[in-house]
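Residue numbers (the numbering used here), protein chains in the order written: chain A, 3 to 115; chain B, 864 to 975.
Check each hint, because a few of them may be wrong.
[Said to hold, decoys possible] Under 7 angstroms between C-beta atoms, here's a sample of chain A residues computed to sit facing chain B:
{"no.": "1", "residue": "Asn32"}
{"no.": "2", "residue": "Ser35"}
{"no.": "3", "residue": "Gly44"}
{"no.": "4", "residue": "Pro45"}
{"no.": "5", "residue": "Glu54"}
{"no.": "6", "residue": "Gly58"}
{"no.": "7", "residue": "Phe62"}
{"no.": "8", "residue": "Leu92"}
{"no.": "9", "residue": "Phe106"}
{"no.": "10", "residue": "Gly107"}
{"no.": "11", "residue": "Pro108"}
{"no.": "12", "residue": "Gly109"}
{"no.": "13", "residue": "Thr113"}
No wet-lab data here; the hints were simulated from the structure.
Backbone N, C-alpha and C fix where the C-beta goes; we use that ideal spot for every residue, glycine too.
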Amino acid sequence: ETGVTQSPTHLIKTRGQQVTLRCSSQSGHNTVSWYQQALGQGPQFIFQYYREEENGRGNFPPRFSGLQFPNYSSELNVNALELDDSALYLCASRGGPSYNEQFFGPGTRLTVL
Amino acid sequence: QQQVKQSPQSLIVQKGGIPIINCAYENTAFDYFPWYQQFPGKGPALLIAIRPDVSEKKEGRFTISFNKSAKQFSLHIMDSQPGDSATYFCAASNFGNEKLTFGTGTRLTIIP
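Based on the sequences and whatever the hints tell you, model everything.
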C-alpha cells in the first residue's frame with residue numbers, strides 16, 4: 003500500500019452532472035497529480051498541484067478543475083459530465099527523499115450514464 | 864499524440880520464463896523512465912525506474928535495458944511467477960517533472 007487514499011471507490015453519474023473526487027496524499031508528500039485512465043489504456047495526466055497551486059496541466063478542458071488544501075489533500079472536480087468521462091481517476095503524490103517517484107492511490111471508478 | 868509506444872499488447876509466458884516488454888519514445892527531452900505494475904482494481908505501483916546515464920538497471924527479478932540512441936527501453940522479468948500476472952505500463956517524463964506520459968500497457972499472464 004502506498005498510503006495514498008481516494009474516495010469514493012465507485013461513482014455513477016448522469017450526463018451534465020458535476021462530480022468531486024477526493025485524494026489524501028502520502029504523509030510528507032506536498033505534490034499531487036491527477037490522471038484519467040480509460041478502460042484498456044494507460045493513465046493520462048490531467049494536472050498537478052503543488053503548495054495549493056496548479057503547477058502543470060495536460061490536454062484536458064477547463065471543466066476539469068482541482069484544489070489542494072493546506073494538508074496537501076486534493077480534489078478533482080469535473081463539470082458538465084460527458085459519457086467519455088467514464089474512467090478510473092487516479093491520484094498520485096510525491097515528495098520527500100524520493101522526490102521524483104510518484105505513488106498512486108487505488109483510484110475512483112466513475113461511470114457516466 | 865502518443866509519445867510512448869508499448870508492445871506487445873498482451874503476453875503469455877510459462878512460469879520461469881523471461882517476459883520482455885518493449886517501449887519506444889519520441890520526445891528526446893525525456894530523461895526518466897519508470898515501469899509500473901497494475902493489478903485489477905488497484906492503482907499502478909512503481910516497479911523500477913532508469914535514467915539515461917546507464918544502459919541497464921536491475922532490482923530483484925526486474926531489469927530495465929535502455930538504448931538512448933534508439934530511444935527504446937524494455938522490461939525483463941526473470942524467473943517469472945504466476946503472481947507477476949498483471950498489466951505493466953512503461954512511462955516517461957522529464958526528471959523532476961510530474962507529468963508522466965504512459966504507454967498503452969501490456970497484459971502479462973504467467974501460466975504455471
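Against the structure, the hints come out as follows:
Hint on A/Asn32 is violated. Least Cβ distance to chain B is approximately 11 angstroms, over the 7 angstroms limit. Taking 7 angstroms as the C-beta cut-off, the interface hint given for A/Ser35 holds, the closest approach to chain B being about 5 angstroms. With its C-beta approaching chain B no nearer than about 3 angstroms, A/Gly44 sits inside the 7 angstroms limit, and its interface hint holds. Look at A/Pro45: its Cβ gets to within about 5 angstroms of chain B, closer than 7 angstroms, so that hint holds up.
Given hint, A/Glu54 at the interface with chain B, is violated; its Cβ is 15 angstroms from that chain's nearest Cβ, farther than 7 angstroms. Restraint check, A/Gly58 versus chain B: the minimum CB separation of about 6 angstroms is within 7 angstroms; hint holds. At about 12 angstroms, the closest approach between the beta carbon of A/Phe62 and any beta carbon in chain B exceeds 7 angstroms, and the interface hint on this residue is violated. For A/Leu92, the interface hint holds, since its Cβ comes within 7 angstroms of a Cβ in chain B; the closest pair sits about 5 angstroms apart.
Contact between A/Phe106 and chain B, as hinted, is supported at the beta carbon level, the nearest pair being about 3 angstroms apart and thus within 7 angstroms. With its C-beta approaching chain B no nearer than about 5 angstroms, A/Gly107 sits inside the 7 angstroms limit, and its interface hint holds. For the restraint placing A/Pro108 at the interface with chain B, the shortest Cβ-Cβ distance is roughly 5 angstroms, inside the 7 angstroms limit, so the hint holds. Annotation: interface hint on A/Gly109 holds; nearest CB of chain B at approximately 5 angstroms, less than 7 angstroms.
A cut of 7 angstroms between beta carbons decides the hint on A/Thr113: the least distance to chain B is about 15 angstroms, and the hint is violated.
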